[in-house]
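Peer 1: Residues per chain are reported as follows:
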Amino acid sequence: MIQKTLDKLRPHFEEGGKLSAFRSVFDGFETFLVVPSTTSKSGVSIHDSIDSKRIMSFVVIALLPALFFGMYNIGYQNYQAAGVEASCVDLFLYGLLVMLPKIVVSYVVGLGIEFVVAQWKKEEIQEGYLVTGILIPMIVPVDTPLWMLAVAVAFSVIFAKEIYGGTGMNIFNPALVARAFLFFAYPTSMSGDKVWLAKDTWFSLGNIIPDSHTLATPLGEAAAHIAPQGDFWTYCVGLMPGSVGETSVIAIAIGAVILLWTGIASWKTMCSVFVGGAATAYLFNISGLADNAVAAIPWYNHLVLGGFCFGAVFMATDPVTSARTEGGKYIYGLLIGVLAITIRVLNPGYPEGMMLAILFMNMFAPLIDYCFVQRNINKRLQRTKTK
Amino acid sequence: MLRTIKLKKGLDIRLSGEAEPTFTPVEQSTLYAMRPTDFHGIVPKPVVKPGDKLRAGDALFVDKATERIRVVSPVSGTVKDIVRGERRKILSITVEPSATQVSADFGKVDVANITPDALIELLLRSGLFAFIHQRPYDVVASPTDTPKGIFVSAFSKMPLAADFDVVVAGRESYFQAGLKALSKLAPTYLGISPKQAESAFLPTEGVTVTVFDGPNPSGNVGVHINHLAPVNKGEVVWTIGAEEVIFIGELLSEGHVNLKRRIAVGGSEVIHPEYVETYIGAKIGDILRNNVTNSEYHIRIINGNPLVGTISSEDDFLGARSTELSVLPEGDDKHEVLGWIAPRLNQFSAHRSYFSWLMGGRKSYAPDCRIKGGERRMIMSGEYDRVFPMDIYAGYLVKAILTGDIDRQEALGIYEVAPEDFAVAEFVDSSKLALQRIVREGLDTLRKENA
Numbered sequence: 001m002i003q004k005t006l007d008k009l010r011p012h013f014e015e016g017g018k019l020s021a022f023r024s025v026f027d028g029f030e031t032f033l034v035v036p037s038t039t040s041k042s043g044v045s046i047h048d049s050i051d052s053k054r055i056m057s058f059v060v061i062a063l064l065p066a067l068f069f070g071m072y073n074i075g076y077q078n079y080q081a082a083g084v085e086a087s088c089v090d091l092f093l094y095g096l097l098v099m100l101p102k103i104v105v106s107y108v109v110g111l112g113i114e115f116v117v118a119q120w121k122k123e124e125i126q127e128g129y130l131v132t133g134i135l136i137p138m139i140v141p142v143d144t145p146l147w148m149l150a151v152a153v154a155f156s157v158i159f160a161k162e163i164y165g166g167t168g169m170n171i172f173n174p175a176l177v178a179r180a181f182l183f184f185a186y187p188t189s190m191s192g193d194k195v196w197l198a199k200d201t202w203f204s205l206g207n208i209i210p211d212s213h214t215l216a217t218p219l220g221e222a223a224a225h226i227a228p229q230g231d232f233w234t235y236c237v238g239l240m241p242g243s244v245g246e247t248s249v250i251a252i253a254i255g256a257v258i259l260l261w262t263g264i265a266s267w268k269t270m271c272s273v274f275v276g277g278a279a280t281a282y283l284f285n286i287s288g289l290a291d292n293a294v295a296a297i298p299w300y301n302h303l304v305l306g307g308f309c310f311g312a313v314f315m316a317t318d319p320v321t322s323a324r325t326e327g328g329k330y331i332y333g334l335l336i337g338v339l340a341i342t343i344r345v346l347n348p349g350y351p352e353g354m355m356l357a358i359l360f361m362n363m364f365a366p367l368i369d370y371c372f373v374q375r376n377i378n379k380r381l382q383r384t385k386t387k
Numbered sequence: 001m002l003r004t005i006k007l008k009k010g011l012d013i014r015l016s017g018e019a020e021p022t023f024t025p026v027e028q029s030t031l032y033a034m035r036p037t038d039f040h041g042i043v044p045k046p047v048v049k050p051g052d053k054l055r056a057g058d059a060l061f062v063d064k065a066t067e068r069i070r071v072v073s074p075v076s077g078t079v080k081d082i083v084r085g086e087r088r089k090i091l092s093i094t095v096e097p098s099a100t101q102v103s104a105d106f107g108k109v110d111v112a113n114i115t116p117d118a119l120i121e122l123l124l125r126s127g128l129f130a131f132i133h134q135r136p137y138d139v140v141a142s143p144t145d146t147p148k149g150i151f152v153s154a155f156s157k158m159p160l161a162a163d164f165d166v167v168v169a170g171r172e173s174y175f176q177a178g179l180k181a182l183s184k185l186a187p188t189y190l191g192i193s194p195k196q197a198e199s200a201f202l203p204t205e206g207v208t209v210t211v212f213d214g215p216n217p218s219g220n221v222g223v224h225i226n227h228l229a230p231v232n233k234g235e236v237v238w239t240i241g242a243e244e245v246i247f248i249g250e251l252l253s254e255g256h257v258n259l260k261r262r263i264a265v266g267g268s269e270v271i272h273p274e275y276v277e278t279y280i281g282a283k284i285g286d287i288l289r290n291n292v293t294n295s296e297y298h299i300r301i302i303n304g305n306p307l308v309g310t311i312s313s314e315d316d317f318l319g320a321r322s323t324e325l326s327v328l329p330e331g332d333d334k335h336e337v338l339g340w341i342a343p344r345l346n347q348f349s350a351h352r353s354y355f356s357w358l359m360g361g362r363k364s365y366a367p368d369c370r371i372k373g374g375e376r377r378m379i380m381s382g383e384y385d386r387v388f389p390m391d392i393y394a395g396y397l398v399k400a401i402l403t404g405d406i407d408r409q410e411a412l413g414i415y416e417v418a419p420e421d422f423a424v425a426e427f428v429d430s431s432k433l434a435l436q437r438i439v440r441e442g443l444d445t446l447r448k449e450n451a
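If you read the protein sequences in the order shown, they are chains A and B. The letter at position 223 of the first sequence is residue 223 when you use this note's numbering, and the numbering goes up by one with no holes. The letter at position 222 of the second sequence is residue 222 when you use this note's numbering, and the numbering goes up by one with no holes.
Any given hint could turn out to be false.
Derived PhoX-like pairs: lysine-lysine, alpha-carbon spacing no greater than 25 Å straight-line [claimed, not checked]:
id	chain 1	residue 1	chain 2	residue 2
1	A	Lys8	B	Lys334
2	B	Lys89	B	Lys45
3	A	Lys379	B	Lys233
4	B	Lys89	B	Lys53
5	B	Lys399	A	Lys121
6	B	Lys432	A	Lys122
7	B	Lys148	B	Lys180
8	B	Lys448	B	Lys89
Chain A regions said to be covered by chain B (calculated; three or more residues, Cβ under 8 Å) [as the list claims (entries may be wrong)]:
id	segment
9	93-106
10	263-271
Short derived list, chain A residues pointing at chain B, Cβ under 8 Å [as the list claims (entries may be wrong)]:
id	residue
11	Ser37
12	Ser57
13	Ile377
If you are wondering where the hints come from, they were derived from the structure by calculation, not from laboratory data. A virtual CB, placed ideally from N, CA and C, is assigned to each residue, including glycine.
Assemble the whole structure, with the sequences as input and the hints as a guide.
Peer 2: As structure tokens, this is what we get:
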């Protein structure tokens, strides 16, 4: 039945049809609803059932536990700040209502640009933004205004992705570029102690909290030379202030299992990030930087604080912007871990080093790959020389 | 003790309708044809006219450049037509068979005493040289080259591929004679699968036998070459199908060309999947008569196996190098709602976001020919390398071909590959790039540039 409706609608969208300006939108929805029945004309007659739609959807599925927990945490922080008791359902619903506009804005702006570009280049819609679109609202502070979000999304989709040629061609992770854009363009709205709390009511849920109320993240406290008080398990559960998706290590771990099990994320990259981070944090622990509260955070706490886990699981493993050679993935991951902790400890201006570490390594991934590919090339050259 | 090379990379695909090891000789086909497209790299020049009488082993066309490489008729009979396509390109030369088969006599040869030059001359005259391919470029070899090795693979792990043990049964001595003759031309390497270590066609004389233990494409000669004697710039190796080594052996032992082979007929749309004995170039409709399910949906006939074979039809002819015929559902009349997120329990995937890995390779699948996704840029990394058991960065090589960077293609090892080596990678590719076509075009361009 769906097929018949689509067949009836198609002529309007084809070249010369009334709605041909929306051809890419129609194609996008058609392939979304019905698997295209195109068959191969050359090469292999049979194909694996996998396609990029399914891969991207699985990344989104892997992100859902962290997203849902983040929503609950938004409600939890709000009600706790107001000192009001509420049921779990209320807490979650409040968080859902706070997050929904952000997700909608992110998708509408981002996909809108993608549709326009696809139409202009006469290409199919690329699915990459499905993931980016849900990532962006999850890595910004909950109090980020919607218009800022929209500007950041537009900036990153156009300047971090489309000008390079679209999904698969970009150098930097678009979601992180959006966050970096916000971070440097609107620093006061993106860091400090005031941004980690949703302060308004939504449909009679939640509480209005005065602007003077502040909530500091553990890393923010440490940067201000206050030793954070929580223990490892508090940080793992994640009922604490922070960007929406990054606080709960347990929820992120569920996502990590999905990504590793399906093989979408590389375990090489993911594990090396943790190894690099742990080793660096341990070195700072024993280095005796007495006046640096961040250096004194035990190495195991470093790994579960801030965006480290979220970055390691969902950002560093982005196949497009990470190293593409298998050996390169170890080095790429290791250096992200090292850099993230180093930035955290040595630069109190940026208590969250993960974003900068990953963006920095995005830039160096091609160089790492170059070395590995060149080794293969040299081996081949050597073969002719020894004869 | 045979040397064993273990390969981890690759992917075995089990399809339903694998041929049973029984065989039926099919009746004489009504029409035979040799197609120049099966002999990639030579420009054909016909040497017959419609109406000419031929014996089996008489030339149909030769290569235009040297006129030394011949392609001969598999049967005796009358030339029916020279079928031409666009821009008068020759598509096939058809032959109507005579009631009794008459073969051209090339004289019996004692393999032990023949000189390499005489052997090449004999292979050229009998049309069997045209079956020898070369790397680089994966084209018909040139008789003036001196190869650094000749590679033969006695097995294929491609889905629905013919089992060489069934094909060679009863003709082992021809196979051994053929290998012995080839080893006069250059060091000859035979690759076998672990279960063939006790096969009746062993031992072979003058040939290095290596066991390749691993999933598809471990049976590809390209993989064997890469592990035993990788092709460097300026070097040439020759490859020839194991079935065609039997032709050479029979030519030397009996003095005539007998292009009869056993092919596997398989696939989910075949009623009795089994082996069939026929001359190459037979009309496919005659081979498959009464053996294809009478389904209401579209089907696809593939000249070869589903990964490497070409799309064909009942009016087409069995390819000169095809070792099997496969029949699968086409799938262009199938509409699957929201398939990309559905569980798809009955579809095979190497990816763990599907559940076919739960079956542990025991279940066989009956896929159709849909691509099941749009073409994308390379997004996932390492997808090709996982199923590409060679010391080559497949993804980078494909990119170098797409960008037309010849120096980089050379550096990354394009001389060592053939399109078929990319077949499994093309199957698993989530970006749905037509890798075999890309590599074929890359090799052809490179050959023109280097000529």
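Peer 1: Checking each numbered hint in turn, tell me which of them this model violates, lowest number first.
Peer 2: 9
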